[in-house]
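In case you want the letters, here they are:
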Amino acid sequence: MAATTQERLEREPWRGPTRRYDIVKEGVIATLVVAVLVVILAAVFSSPDDPALTFRGWAKDMPDDLYNVTVAELAGTSESATYGPPYNTGGDGQALGPIKPQKWVGVQVPIDPANDFVITPLQTQQQPTEVAAALIVWTAASAEQQSAWATAYDTAINDPAGAAGDATKVPAGDYGPVPALAKGLVAMASSGALDGVLPSSGGNFFNTDNTKQILFFGDGGYLDAAGTANNLQGNTWGMMNETGNYPGQQWLAPFSVWYNLPFFNSDAETGVAATATANGDIYIMAIIGFFMLLAIFLPYIPGLRSIPRWIPMHRLIWRNYYKPRAR
Amino acid sequence: MHFLMTVPADPPTYLTWGWMSVSVPNLIAILVTVTLFVLAVVLPFPGGHEDAQDEL
Amino acid sequence: MTAAPVESPHAGPPTSWIGRLRTRLEDTLPYEKLLPETQPSYVASWIYVFGVLTLAALAMIVASGAVLAFRGPAWYHVSSTGLFFNSMHFWSVQMFFTFMGVHLVGKFWMAAWRGNRAKTWISGVLAFVVAVGAGLTGYVLQSNFDSQWIAFEAKDGLNALGVGAWFNVANLGQMALIHVFLLPAVIAVVVVVHVLLVRVHGVVPPLDAAKVEDDRAASRAAAESLPEGVR
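Residue numbers (the numbering used here), protein chains in the order written: chain A, 1 to 327; chain B, 1001 to 1056; chain C, 2001 to 2231.
Don't take each hint at face value.
[Said to hold, decoys possible] No more than 20 Å apart at the CA atoms, straight line, and that leaves these computed lysine to aspartate or glutamate pairs for DMTMM-like: (1) C:Lys2033 with A:Glu12; (2) C:Lys2033 with A:Glu26; (3) A:Lys183 with A:Glu130; (4) A:Lys183 with A:Asp64; (5) A:Lys323 with C:Asp2208; (6) C:Lys2211 with A:Glu7; (7) A:Lys323 with C:Asp2214; (8) A:Lys25 with C:Glu2037; (9) A:Lys103 with A:Glu79; (10) A:Lys169 with A:Asp64; (11) A:Lys183 with A:Asp195; (12) C:Lys2119 with A:Glu7; (13) A:Lys169 with A:Asp159; (14) C:Lys2119 with A:Glu12; (15) C:Lys2033 with A:Asp22.
[What the hints assert, rightly or not] Chain A stretches covered by chain C per the calculated footprint, using a threshold of three residues with CB under 8 Å from any CB of chain C: (16) 30-43; (17) 95-107; (18) 170-181; (19) 209-218; (20) 263-276; (21) 302-310.
Keep in mind the hints are simulated off the structure, nothing from the lab.
For clarity, every value in this text was computed on a predicted model and none was experimentally measured.
Each residue gets a CB set at the ideal place from its N, CA and C atoms; glycine is no exception.
Please model the complete structure; the sequences and the hints are all you need to start from.
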């Protein structure tokens, strides 16, 4: 039977026509060719390197945004404060139906935004009288009192019928030391001190962990605006894009496509689309995982593994072999 | 979004068709990949070095 | 003092672990198969050079990366030589994924997993997947705006899977160690396994090769049966 003869032929060492070939020479030539190409591309095009954002820049360009985010950190309403594991218990994280790996893993990288982003950095510096006094009042107060002050102020700032994000329009209220603390932090950021203090986590000499800074940055509009300005947002194919006039990670296109679908960008408050949007990352990871498994186990998947037989690209690739030989 | 002085913003040109959007550099990279595949399959490979080892 | 006579080493197949390992390796991949001077004549298409081109690009990634490793992640921001090596690293990564893409698509159309070559295909796809991960760790190691953005975005997917604490894209120290040591070691193992499997099994014969070889054998037999002057 032709099938088993072909199968035997594929399994066994080839005993048909051969040609002389030097794969070591091929490897050396390939390496030289690629090396030359890489050097030329590097010399002609260079590579992207947009400088890192700083808290100083945030305070300079969007001080009101930094102010509002600081209040949200103290109130525990920021994205970091409500993120959940691995940082804190402020939320449950994402879920794929009953599967909740984010929650199951628990807190592994403890982040307490109010203290880590605001209070502790303020305490490392000599502060103006007003801020120093505010710190004393805050740290002497109970957790409930702190929460009451900060939540009241946070709610007042974000009241759509009132201040609507403009802290200067907030009505008088019992906000305790919170306005002074927020003002003190923006001033500290503005001086550049926050950029140095945050990584050192209150006094460590050595530190290579930038988690606190990344989370704090992400809570506000500054990093987000920078992302938008460079077309890096997930729902505009940002995953495969690069800063500057350079190619990005085009190989992530199959991953990036899902973040652009309306299903995962829904404004709905309830329903499947709302759930999918809120848990977009784990849903999309599951989709990608599925396709990855398809790719890995392709040799065992009937139908998929027969596509090369149905669409005969191989007749083109091996056309010299298939040609009848002149004898 | 107001003009941000401290934010680096030098995005490349983007080509958009509806919900699809691709940067020109990325498009070039993708086209190069496709072209390399097509050329690899279509261009003749130098023959020679044939051995008469028809042992089948 | 006389020693007892040693048993002939060729008395039978080796029973020691090392002897059995050696025999197994000799049988599976003798030097002639590892470094042959010939290859099947159907291996005659430019599509076949993309595997070795991918390897060459990987070599350039490692070489340029080694220089960057010796000078640290912040070097290339302040040095034009550093920027040049960063550029070489950047473009070799672009070439690596380009060549690997062409290689993967070519192997798909050749159904290269046939004839017990499933492990070769699987190790190849794994190499791609690990490479994407290695790329991610590299991108967050850039210590510039792009790395801030990517760290902020990528953390969500990893946290959703519950691995964000151990693969903390916002922790530069962790990412540096994973990018420079751990993932290259994994890639090296996967790539070596992949290449050795290609040598062990040989390049996959074309689809329908059995029919082609049968037809050729038949026409040879027919030609040999003709009288001398006619052939």
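Hint by hint, here is what the structure shows:
1. C:Lys2033 with A:Glu12: This hinted pair holds, its Cα atoms lying about 13 Å apart.
2. C:Lys2033 with A:Glu26: With Cα atoms ~17 Å apart, C:Lys2033 and A:Glu26 stay inside 20 Å; holds.
3. A:Lys183 with A:Glu130: holds (10 Å)
4. A:Lys183 with A:Asp64: holds (10 Å)
5. A:Lys323 with C:Asp2208: Between A:Lys323 and C:Asp2208 the Cα gap is close to 13 Å, so the pair holds against 20 Å.
6. C:Lys2211 with A:Glu7: This hinted pair holds, its Cα atoms lying about 11 Å apart.
7. A:Lys323 with C:Asp2214: Holds - the C-alpha atoms of C:Asp2214 and A:Lys323 are around 14 Å apart, at most 20 Å.
8. A:Lys25 with C:Glu2037: holds (11 Å)
9. A:Lys103 with A:Glu79: holds (16 Å)
10. A:Lys169 with A:Asp64: With Cα atoms ~12 Å apart, A:Lys169 and A:Asp64 stay inside 20 Å; holds.
11. A:Lys183 with A:Asp195: holds (16 Å)
12. C:Lys2119 with A:Glu7: holds (17 Å)
13. A:Lys169 with A:Asp159: Since the Cα atoms of A:Lys169 and A:Asp159 sit roughly 10 Å apart, the hinted pair holds (cutoff 20 Å).
14. C:Lys2119 with A:Glu12: holds (16 Å)
15. C:Lys2033 with A:Asp22: holds (13 Å)
16. 30-43: Answer holds; 11 residues pass the 8 Å Cβ test.
17. 95-107: It holds: at least three residues are needed, and the segment 95-107 of chain A offers 4 whose Cβ sits within less than 8 Å of chain C.
18. 170-181: Check failed, 0 qualifying residues.
19. 209-218: holds (count 8)
20. 263-276: violated (count 0)
21. 302-310: As far as the segment 302-310 of chain A goes, the hint holds, because 4 residues have Cβ atoms under 8 Å from chain C.
In this structure, the earlier hints numbered 18, 20 are contradicted, and the remaining ones agree with it.
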